[in-house]
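Enquirer: Chains W and R are the protein sequences, given in the same order.
Each residue of the first sequence is one higher than the one before, counting from 1 in the numbering used here.
Each residue of the second sequence is one higher than the one before, counting from 1 in the numbering used here.
Hints are not guaranteed to be accurate.
[What the hints assert, rightly or not] The list that follows gives simulated cross-link-like pairs (lysine-lysine, DSS-like), each with its CA atoms no further than 30 Å apart:
(1) R/Lys284 / W/Lys95
(2) R/Lys312 / W/Lys34
(3) R/Lys254 / W/Lys95
(4) R/Lys358 / W/Lys158
(5) R/Lys312 / R/Lys323
(6) R/Lys323 / W/Lys95
(7) W/Lys34 / W/Lys95
(8) W/Lys95 / R/Lys104
(9) R/Lys66 / W/Lys101
(10) R/Lys358 / W/Lys101
(11) W/Lys103 / R/Lys212
(12) R/Lys193 / W/Lys95
(13) W/Lys101 / R/Lys219
(14) W/Lys34 / R/Lys219
(15) R/Lys104 / W/Lys158
(16) W/Lys45 / R/Lys254
(17) W/Lys34 / R/Lys377
(18) W/Lys103 / R/Lys323
Calculated from the structure, these hints are not laboratory results.
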Amino acid sequence: MSLEPAITDLEQLKDRPVLARLLAWNSEAVESAKFDRGELTIWIKPAFIRDACALLREEQDELRFDYLSDLTCVDWYPNEPRFEVVYHLFSLTNKNHLRLKVKLEGGDPRVESVTAEFPNANYYEREVFDLFGIHFEGHPYLRRIMMPENWEGHPLRKDYPVEGYR
Amino acid sequence: MGHLMQSPVLEPTSQDRTMILNMGPQHPSTHGVLRLLLEIDGENIVRMMPDIGYLHTGIEKTYEAKFYQQCVPLADRMDYLAPFTNELGFVLGVEKLLGLEIPKRAQWIRVLLNELTRLNSHLVWLGTHAMDIGALTVFLYCFRERADLLRLFEAIGGQRMFTSYFRVGGVAMEPPLGWFDRVKKFVNAFDAKVDEYENLLTGNPIWQRRIKGVGVLTKEDAIALGASGPTLRASGVDVDLRRDAPYSGYENFKFNVPVGTDGDVWTRYVLRVQELRESNKICKQALEGMPEQGPIKADAPKVVLPEREKMKTQMESLIYHFKIITEGFTVPAGEVYQAVESPRGELGFYIVSDGTPKPYRVHVRAPSFANLQTLPKMCEGLLIADVVAAIGSIDIVLGDVDR
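Using the sequences and the accompanying hints, generate a full structural model.
Expert: Here you go:
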């Protein structure tokens, strides 16, 4: 098994059912896409992530992704846009995963919460808020979950010091 | 102290009827350091809020500072009851990033150990869950078999719990002589042992009345709150990643996935006991189908350490050995999400590589963390004593919750 090069061209990927559906729904919302190592990643514009989740949750058959497996974040410091929030959706009908991503600028990273669509995003978004400092607008209880409430800084950021005294 | 004073506060919804009760973090039935804030009306739970983070050790941050191979022992230490499953999730993720093909014998050994781990984890769950509810004897029976399993793990990996036996590209070394026979002996005797546990519990009227109809989670709630593993299947959702998204050769094994309908503590108990039998079945198949000979490491000299003997006699191997040990191996840039079915549910490793010998970011989708979210829903309207049953039934490991 050798690695196939990743496909990053939106034109080549637009026939994939999920991507085709998202493009048909709102071609503005899709930023780019990638197919690498058997996994499809779709970048969604931050303003549309909640609607995209709502759409995929309510779809039928092979387009249906009704379970949020995981939600996390990657810090690409010092590059901008600095943060990528990563949503792993799972389809309980087809048993496959889909990755949605949102790029956020470093200054005051904000994105709409998906807790209304997937209630289990509650803890995940709190974790990302705690460890990356990303604000999820509309989250019912956005407080630190892992670190103590009076903690300063967000430990999983790449510019967080890992040595020395506080 | 600072932590406690700053921790979340639950405000009573009604001034004259309810009060707030703090349970944990040092409560013996919370399986570690889980703190629960309960709003109670008499003995009845009105609301519950878990407070976690007491065991947070920043494992995800630590991953970023280690070579890929050094990450394997860290994976062990998250869910300390299912070390092999954690290792498997991580190494499969890295192997997917590298595009490595794993020889069959290594895959079979991995499946065998993975299922033995499931037995180990379910035995601890059964013993402690029954003990929480008051059936003390079961604990002793379960830990008798668990001790056997730990001895098997020690023989193969050198440690009882944190074995670190899997390697990126295969497994560390050939199992010791006679090890498979010991496993065979254990596996053949195990079904009768499960009957023993069931004799103590299943027909026991006290046990039944304590857990039947308690802590109900409907199918809709289970999906919305992100339950996985036996907690999800007990609510009637038929998902098992071993069957639905096979990894490490699971497609070659025949087993049933028990699914319940009622979603209460009793159903979760029944499912896990059935899973003990199913896992044992997989162990037997793995022992039978195990290739007698063959490599246990992938053919990838830049990733897999050379054999000891070759390292001492061949210059090439010595160079590779030195380079892998001192510099690690590089992994092509990219990202993968590798999900495996841990005893608790979907364990996902999201690994991002930037082409260096250390992972850029590792995120663990911990099944206990996900399942814990279902607890408040389960406990609404229950009595305090039932909370203990509900906590036991979702089988959380706090090391996995807090990471």
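Enquirer: All hints, please: hold or fail.
Expert: Right, here's what the structure says about each hint:
In summary, the hint linking R/Lys284 to W/Lys95 is supported, as the alpha carbons are separated by about 27 Å, within the 30 Å threshold. Between R/Lys312 and W/Lys34, the direct Cα distance comes to roughly 44 Å. Violation of the 30 Å bound is thereby established for this hinted pair. Using a Cα cut-off of 30 Å, the hinted pair R/Lys254 and W/Lys95 holds, with the two alpha carbons roughly 19 Å apart. Pair hint R/Lys358 plus W/Lys158 holds up; C-alpha atoms about 14 Å apart against a cutoff of 30 Å.
Simply put, R/Lys312 and R/Lys323 have alpha-carbon atoms about 15 Å apart, close enough for the 30 Å limit, and the pair holds. Simply put, R/Lys323 and W/Lys95 have alpha-carbon atoms about 40 Å apart, too far for the 30 Å limit, and the pair is violated. Proposed proximity of W/Lys34 and W/Lys95 is supported: the alpha carbons are some 20 Å apart, at most 30 Å. Under the criterion of a C-alpha separation no larger than 30 Å, the hint pairing W/Lys95 with R/Lys104 is consistent with the structure, at around 25 Å.
Between R/Lys66 and W/Lys101, the direct Cα distance comes to roughly 26 Å. Compliance with the 30 Å bound is thereby established for this hinted pair. This hinted pair checks out: R/Lys358 and W/Lys101 have alpha carbons roughly 23 Å apart, not beyond 30 Å. Only pairs whose Cα atoms come within 30 Å are accepted, and W/Lys103 paired with R/Lys212 is rejected, the gap being roughly 47 Å. Distance restraint check for R/Lys193 and W/Lys95: the Cα-Cα separation of roughly 34 Å exceeds the 30 Å cut-off, and the hinted pair is therefore not satisfied.
Straight-line distance between C-alpha atoms of W/Lys101 and R/Lys219 comes to about 28 Å, which keeps the hinted pair within the 30 Å bound. Under the criterion of a C-alpha separation no larger than 30 Å, the hint pairing W/Lys34 with R/Lys219 is inconsistent with the structure, at around 33 Å. Only pairs whose Cα atoms come within 30 Å are accepted, and R/Lys104 paired with W/Lys158 is rejected, the gap being roughly 39 Å. This hinted pair does not check out: W/Lys45 and R/Lys254 have alpha carbons roughly 44 Å apart, beyond 30 Å.
At most 30 Å may separate the alpha-carbon atoms for a hinted pair to count; W/Lys34 and R/Lys377 exceed this at roughly 38 Å. Straight-line distance between C-alpha atoms of W/Lys103 and R/Lys323 comes to about 36 Å, which puts the hinted pair past the 30 Å bound.
The structure shown violates the earlier hints numbered 2, 6, 11, 12, 14, 15, 16, 17 and 18.
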